[in-house]
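Sequences and hints are given; from them, build the entire structure.
Residue numbers (my numbering), protein chains in the order written: chain A, 8 to 282; chain B, 6 to 293.
Don't take every hint at face value.
A partial selection of chain A residues facing chain B, derived with a Cβ cut-off under 8 Å [to be verified]:
(1) Ala152
(2) Gly154
(3) Asn209
(4) Leu211
(5) Asp215
Here are the in silico distance ranges between beta carbons for each label pair [said to hold, decoys possible]:
(6) B/Glu154 <-> A/Phe83: 52 to 60 Å
(7) B/Glu143 <-> A/Phe59: 15 to 23 Å
(8) B/Val245 <-> A/Glu29: 56 to 64 Å
When the alpha-carbon atoms are kept at most 20 Å apart in a straight line, the in silico SDA-like pairs for lysine to any residue are as follows [claimed, not checked]:
(9) B/Lys161 <-> B/Asp120
(10) B/Lys100 <-> A/Leu43
(11) B/Lys100 <-> A/Pro55
(12) B/Lys100 <-> A/Tyr58
(13) B/Lys100 <-> A/Gly154
(14) B/Lys270 <-> B/Phe291
(15) A/Lys160 <-> A/Val62
(16) B/Lys161 <-> A/Thr144
(17) B/Lys270 <-> B/Gly41
(18) B/Lys100 <-> A/Pro157
(19) A/Lys160 <-> A/Val49
(20) A/Lys160 <-> A/Leu90
(21) A/Lys160 <-> B/Leu122
(22) A/Lys160 <-> B/Glu134
(23) B/Lys100 <-> A/Pro56
(24) A/Lys160 <-> B/Leu103
(25) A/Lys160 <-> A/Tyr57
(26) B/Lys100 <-> B/His88
(27) B/Lys100 <-> A/Thr144
(28) A/Lys160 <-> A/Phe228
(29) B/Lys284 <-> B/Glu64
Keep in mind that the hints were calculated from the coordinates and are not lab data. The C-beta atom is built at its ideal place from N, Cα and C for all residues, glycine as well.
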Amino acid sequence: MATTDPKLLEGNPVSLTGALLEGVKQRIQHVQDYALLAARSVSNLFSPPYYFSDVLEQMDIIGVGSLPIVVLTGFFIGAVMVLQTAAQFVRFGQTALTADAVSLALVRELGPTISGLLVTGRNASSIASELGSMVVTEQVDAMRAMGTDPTRKLVTPRMVATVLMLPLLTAMADFSGLIGGFVVSSFTLRLGAVAFWTRAINTLVFSDLMQGLSKPIIFGFILSTVGCYHGLRVRGGTQGVGRATTSAVVASSVFILVTNFFLTKIMLYLAGHVF
Amino acid sequence: MREPLPTRRDRPLPVTTLDTASERVLSFEDVRIGFGQGDVLTGLSFSVAAGETKVLVGESGTGKSLTLKLAAGLLQPDSGSVHVLGRDLSHLSEKELLDFRRQIGFVFQEGALFDSLSVAENVAYRLREDHLNDEEIEQRVRESLRFVEMEDTLDKLPSELSGGMRRRVSIARALISRPPVVLYDSPTAGLDPVTSQTIITLIMRLRDTQGVTSMLATHRLQDAFGLANYRFDGQTGRVVPAPHTGNGSSRDGPATNMVVLRGGKAYFEGSPWSIAESKDEYLHRFLL
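Set out below in structure tokens:
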């Protein structure tokens with residue numbers, strides 16, 4: 008309950024400016040700590056020891072484990088895109104363009120973004136909760152006490168596994184999305200398989216594939232390192248683990264969406280000048 | 006090939022880690038450390054000699070676990086210095102600290118076993134990091150678990166073990182690389198008296214058969230008295246009373262001394278008997 012006692016209010020030495028400055032300082036500290044952890048996760052790749060079995064284990068958990076949800080979601084995203092775009096193309100008698108629209112939107116934008124967000128929801132949360140639980144039960148300290156660097160053993164394998172698996176998951180999401188689009192367009196627009204797939208494939212150029220498959224590398228790096236960062240800085244027992252899990256998903260999702268905007272801008276520039 | 010861990014009937018091994026028994030294995034010099042709300046340690050100074058068992062006693066929040074973590078290089082002091090095995094930990098890089106910690110055994114309060122690994126995999130962890138072959142790893146894991154009388158739990162997961170069993174596996178994991186220094190963080194906290202005595206007997210056995218220098222944080226003064234009053238006889242495999250002189254110091258057994266922490270400093274340093282003889286009211290609280 009808020010106090011109205013003037014004596015107590017006078018006794019409070021915390022000023023608004025001081026509190027704001029402290030808040031800003033903490034945010035900058037978080038950014039710095041995250042940047043250091045992310046940099047170390049990469050620099051660990053250039054010196055031993057390496058934990059190949061951990062990378063394979065994480066590839067299985069992150070890649071194979073996320074495959075069903077990514078494929079299923081991709082299928083229905085492709086299907087619903089046909090439903091939404093077909094109505095417009097029918098008005099111009101250009102129903103075959105539906106395949107172009109679905110293909111371009113999926114490969115360039117929706118495939119990478121949806122896959123990134125799905126894997127964030129599934130894996131950034133599990134990474135944060137797993138590492139957070141290890142922190143509160145002193146398993147991370149035990150690891151350090153036995154001479155193991157937790158960033159090498161816990162962060163780098165997860166980062167490598169996610170960076171390797173997310174582009175593959177995105178490719179699967181794109182493909183299942185096109186299948187979803189084809190199924191719906193063949194039933195609703197009576198578009199033939201040859202017409203759909205020819206247009207869907209021919210509309211794509213190299214820069215589209217570059218854009219669609221390089222974004223997931225960045226997204227994978229973001230979601231894994233943000234998940235690890237929030238997990239490793241857990242304080243306050245099981246409540247802290249819960250908070251870290253939520254923060255990891257929120258921060259990763261926002262980070263991915265913001266990064267996606269800038270990446271798209273860069274990719275479009277490169278598509279016009281380089282590729 | 007390494008010597009196997011001693012069985013109950015082995016003779017006590019001499020201290021081989023340092024040149025002389027009087028040499029300081031571990032020392033804290035004016036150590037200060039704090040976390041936001043003021044300093045927890047405000048100038049802690051004490052030392053531990055080779056083969057000595059130092060028991061840290063204090064109320065909750067006085068910095069016992071913190072002191073152990075500083076000794077293992079898991080935390081760095083804000084000021085002052087921590088020397089362990091002749092190395093100033095504040096001057097070591099993180100990589101050097103990782104190498105240094107391989108010479109230290111650390112038993113965490115709740116065991117801190119890796120919950121996704123079996124007992125055998127937990128105990129073998131450090132050996133796997135060193136890329137030893139499977140045959141040697143299995144042999145040493147069995148030796149280590151036999152030492153804590155837990156050989157029959159090889160394939161169990163930590164969640165299947167009781168609190169006391171987890172502590173024993175944690176001790177087995179800490180001693181797998183035969184460290185010259187072992188740090189125990191409240192090894193008897195939350196355990197029943199019988200299980201607590203089992204853990205203390207294990208610590209005593211490790212001390213008396215391998216000459217390990219140890220530091221132990223505890224709330225229980227009886228742990229310190231147990232370690233000071235008894236020793237493990239490697240020949241008979243039994244715990245026997247340690248002969249001692251009138252002033253309380255062991256005659257032929259390794260020394261067990263206490264540090265009572267208060268206000269972030271060493272409030273008292275000496276043998277358990279000198280606490281019993283002291284007139285200090287604060288120290289008497291621990292005897293009740």
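The hints, checked one at a time:
1. Annotation: interface hint on alanine 152 of chain A holds; nearest CB of chain B at approximately 4 Å, less than 8 Å.
2. The beta carbon of glycine 154 of chain A is positioned within 8 Å of a beta carbon in chain B (closest approach about 4 Å), and the interface hint is therefore held.
3. For asparagine 209 of chain A, the interface hint is violated, the least distance from its beta-carbon to any beta-carbon of chain B being 49 Å, above 8 Å.
4. Given the 8 Å rule on beta carbons, the hint for leucine 211 of chain A is violated: about 42 Å separates it from the nearest Cβ of chain B.
5. With a least beta-carbon distance of about 41 Å to chain B, the hint placing aspartate 215 of chain A at the interface is violated under the 8 Å criterion.
6. In this structure the hint that glutamate 154 of chain B and phenylalanine 83 of chain A lie 52 to 60 Å apart at CB holds, the actual value being about 58 Å.
7. About 22 Å separates the C-beta atoms of glutamate 143 of chain B and phenylalanine 59 of chain A, a value consistent with the hinted range of 15 to 23 Å.
8. The beta-carbon spacing between valine 245 of chain B and glutamate 29 of chain A, approximately 59 Å, falls within the hinted interval of 56 to 64 Å.
9. Note on lysine 161 of chain B and aspartate 120 of chain B: the hinted pairing holds, with a Cα-Cα distance of about 10 Å set against a maximum of 20 Å.
10. Between lysine 100 of chain B and leucine 43 of chain A the alpha-carbon distance is near 16 Å, which keeps this suggested pair within the 20 Å criterion.
11. At roughly 12 Å between alpha-carbon atoms, lysine 100 of chain B and proline 55 of chain A fall within 20 Å of each other, so this suggested pair holds.
12. Between the alpha carbons of lysine 100 of chain B and tyrosine 58 of chain A the distance comes to roughly 17 Å, so the proposed pair stays at or under 20 Å and holds.
13. For the given pair, lysine 100 of chain B sits about 9 Å from glycine 154 of chain A by alpha-carbon distance, which is consistent with the 20 Å threshold.
14. Under the criterion of a C-alpha separation no larger than 20 Å, the hint pairing lysine 270 of chain B with phenylalanine 291 of chain B is consistent with the structure, at around 17 Å.
15. The suggested pairing of lysine 160 of chain A with valine 62 of chain A holds, with an alpha-carbon distance near 9 Å, which does not exceed 20 Å.
16. Simply put, lysine 161 of chain B and threonine 144 of chain A have alpha-carbon atoms about 19 Å apart, close enough for the 20 Å limit, and the pair holds.
17. A C-alpha spacing of about 18 Å is found between lysine 270 of chain B and glycine 41 of chain B, which places the hinted pair at or below 20 Å, so the restraint holds.
18. Using a Cα cut-off of 20 Å, the hinted pair lysine 100 of chain B and proline 157 of chain A holds, with the two alpha carbons roughly 12 Å apart.
19. Between lysine 160 of chain A and valine 49 of chain A the CA atoms are separated by roughly 13 Å; this keeps the pair inside 20 Å, and the hint holds.
20. With a CA separation close to 46 Å, the supplied pair lysine 160 of chain A and leucine 90 of chain A exceeds the 20 Å bound.
21. Straight-line distance between C-alpha atoms of lysine 160 of chain A and leucine 122 of chain B comes to about 14 Å, which keeps the hinted pair within the 20 Å bound.
22. Restraint check for lysine 160 of chain A and glutamate 134 of chain B: the C-alpha separation of about 10 Å stays at or below 20 Å, so the hint holds.
23. Restraint check: the Cα-Cα separation between lysine 100 of chain B and proline 56 of chain A comes to about 12 Å, which is no more than 20 Å; the hinted pair holds.
24. Of the pairs offered as hints, the one joining lysine 160 of chain A and leucine 103 of chain B holds, with about 13 Å between alpha carbons and a cut-off of 20 Å not exceeded.
25. Using a Cα cut-off of 20 Å, the hinted pair lysine 160 of chain A and tyrosine 57 of chain A holds, with the two alpha carbons roughly 8 Å apart.
26. For the suggested pair lysine 100 of chain B and histidine 88 of chain B, the alpha carbons sit about 17 Å apart, so the restraint of at most 20 Å is met.
27. A threshold of 20 Å between alpha carbons decides the hint, and for lysine 100 of chain B with threonine 144 of chain A the separation of about 24 Å lies outside it, so the pair is violated.
28. As the CA atoms of lysine 160 of chain A and phenylalanine 228 of chain A are separated by approximately 16 Å, the hinted pair is consistent with the 20 Å bound.
29. Using a Cα cut-off of 20 Å, the hinted pair lysine 284 of chain B and glutamate 64 of chain B holds, with the two alpha carbons roughly 19 Å apart.
Consistency note: the structure conflicts with the earlier hints numbered 3, 4, 5, 20, 27.
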